[in-house]
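> Sequence:
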Amino acid sequence: MASHQDFVDYVAEQLRDAGDIRSRKMFGEYGVYCDGIFFAVICDDQLFIKVTPAGEAAFPHLPKAPPYDGARDYIWVEDVDDRDTMADLTRLTCLALQAQPKKRWK
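This note's numbering numbers the first residue of the sequence shown as 1 and each following residue consecutively.
Hint data in this document are derived by calculation from the structure and do not stem from the laboratory. Among the hints, erroneous ones may be present.
Claimed, not checked - The list that follows gives simulated cross-link-like pairs (lysine to any residue, SDA-like), each with its CA atoms no further than 25 Å apart:
1) Lys25 - Ala58
2) Lys64 - Asp81
3) Lys50 - Tyr10
4) Lys50 - Val80
Since the structure is predicted, the reported quantities are computational estimates derived from the model, not experimental observations.
Input sequences plus hints: build the corresponding full structure.
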């Protein structure tokens, strides 16, 4: 089941305090970016945020699950109505991802 644009727009609105939120259709689902950093996916109308040590430490109670078969675990945000938690997790995740060394493709 593919995600609906209405849900993607709602998530973006909920995350507006974290930065400039954009989404991009990818393989029938959506990639989510904050200030140009790819940090999450929306699959089957569910939000999954990349796992970072900072995110895990700050939000150990949030469950982890793969967004699709064969994927590694992401933090599964069950309550997309909790704007503060989502924005805080997004900020922490993006800071951690930004600090990682860039991968070079050969």
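> Could you grab the alpha-carbon distance between Lys50 and Tyr10 and see if it respects the 25 Å cut-off?
This hinted pair holds, its Cα atoms lying about 19 Å apart.
> Quickly compare the C-alpha distance for Lys64 and Asp81 to 25 Å and report which way the hint goes.
OK: Lys64 and Asp81 at ~18 Å, within 25 Å.
> Is Lys50 within 25 Å of Val80, Cα to Cα?
Holds. Lys50 to Val80 sits at ~15 Å (cutoff 25 Å).
> Within a Cα-Cα threshold of 25 Å, do Lys25 and Ala58 meet the stated pairing?
Not satisfied, since the Cα-Cα distance of roughly 29 Å exceeds 25 Å.
Hint check: a violation occurs at hint 1 only; the rest are consistent with the structure.
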